[in-house]
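Peer 1: So the chains spell out like this:
There are 2 protein chains.
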Amino acid sequence: MERAIDTQIEDLKKMILLMGGHVEKSLAQATLALLSRDQSLFEEVHVIEKLINEDHIKVDNACMNVLAKQGPVAKDLRLILSVIKINNDLERMGDQAVNISYSGKDYLGRKPIQSQLNDIQKMSEIAGRMVKGSLDCFVRGDVEQAKKILLMDDEIDGLKNKVFKDSVAHMKAHSDDVDAGLDLILIARNLERLGDHATNIAEDVIFAFTGKDIRHGGKFG
Amino acid sequence: MERAIDTQIEDLKKMILLMGGHVEKSLAQATLALLSRDQSLFEEVHVIEKLINEDHIKVDNACMNVLAKQGPVAKDLRLILSVIKINNDLERMGDQAVNISYSGKDYLGRKPIQSQLNDIQKMSEIAGRMVKGSLDCFVRGDVEQAKKILLMDDEIDGLKNKVFKDSVAHMKAHSDDVDAGLDLILIARNLERLGDHATNIAEDVIFAFTGKDIRHGGKFG
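Chains as they are written, first to last, in this note's numbering: chain A, 1288 to 1508; chain B, 1288 to 1508.
Please note that a few of the clues may not be correct.
Each pair may be met inside one copy or between any two copies, as identical chains are not told apart.
[Unchecked claim] Each computed EDC-like pair below joins lysine to aspartate or glutamate, with the alpha-carbon atoms no more than 20 Å apart:
id: 1; residue 1: Lys1499; residue 2: Glu1341
id: 2; residue 1: Lys1337; residue 2: Asp1483
id: 3; residue 1: Lys1337; residue 2: Asp1500
id: 4; residue 1: Lys1345; residue 2: Asp1500
In short, the hints are calculated from the structure, not lab data.
Could you put together the complete structure from these sequences and hints?
Peer 2: Right under this line is the structure:
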């Protein structure tokens, strides 16, 4: 027999997927704006941010309702606490996409330096896959797949280090490009943070479905 | 008559204060290491980070226990959900102090540029006051004071913009100092993020004690 809480948890999952879709779109638009040099796409990032912020408040309220009305325990409780955390991570991902659009707008106003854009595009693609992948794991309760998300974060970190190194070298050689190089460094940093948030989500999935806390170096057998 | 949940909430507050003390100390040590050029103090930041991570897991577990055993509603529930969020913000503040120590170690290995250190010291002092202040508000349920924390964030943002501007100007004029300038920019960014987390805590306090959600531009009358 289906319990009322099962329906409510399904609703929470749907809300999280919808919110995740907004985050993915926001990241994709910010990256496309940067690569296609189309300022107007940055405006869409701000429009989507409003949706993400609305989602954020809605999900929090829905979680509070379920907690107050059902007084869940054990796995149900873990799952709802995970939704609260995932909600926070998604909202901060939205903030990172907005940060990218701010630095991106600055960047497009300057003399273009192209050399790091390839790596930034790769970082954005991986981050997008991490967002989608971590939420898929959450909805399906797929702990094995969640572990794979954790590995993707290493790829992003490696690319971030490369963008940092290459940008610094370029800035040293071309003092006119210090501003543009810094914009790209900050964008790479935002993408790295996006990956970190997806990693947090994967860790929350593992906790929700196994009860094992692998944050801060906790072992996952 | 005192309810069991009142004692448990008092215990949660004590845990949060202890964790906040670790975060304050971590930030203070990272800043002192940078200003006094004492690498060994950065190691203390890593030691404190371990404590913060332990606090993080302890607080989460304690919150889950209260939720599971007491099934709290209304103000009690809001307060416990705030603890879960504050716990997350404090843990991320600890990460920012660690990030400062990484960039700080790099910075100390280079030819010193002093010009931005004054502003960075000011930022760190404000961030420290924001951490302490936001947690004091939380423990005392002081909503008026929490609103003042929100204003302090503007001060930090202004100083961050100044460090960015001055560092970029210096990097353009001295290509040898591009690495060191970038270190200071990243440290200023970490301090700004620390302030953002304290702002989140102040918003959570307002929500916990008034039920009003002022995140994302919600009005607070």
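Peer 1: Take the hints in turn and mark each one as holding or not.
Peer 2: Do the hints match the structure? See the list:
1. Taking the shortest alpha-carbon separations for Lys1499 and Glu1341, only the inter-copy value of 15 Å comes in at or below 20 Å, while the best intra-copy value is 31 Å.
2. In this assembly of identical chains, Lys1337 and Asp1483 lie within 20 Å of each other by CA distance solely across copies; the values are 19 Å between and 22 Å within a copy.
3. For the homomeric pair Lys1337 and Asp1500, the shortest alpha-carbon distance between copies (15 Å) is at most 20 Å, but the shortest distance inside one copy (32 Å) is not.
4. Taking identical chains as interchangeable, the C-alpha atoms of Lys1345 and Asp1500 lie at most 20 Å apart only when they sit on different chains, with a minimum of 11 Å there against 27 Å within one chain.
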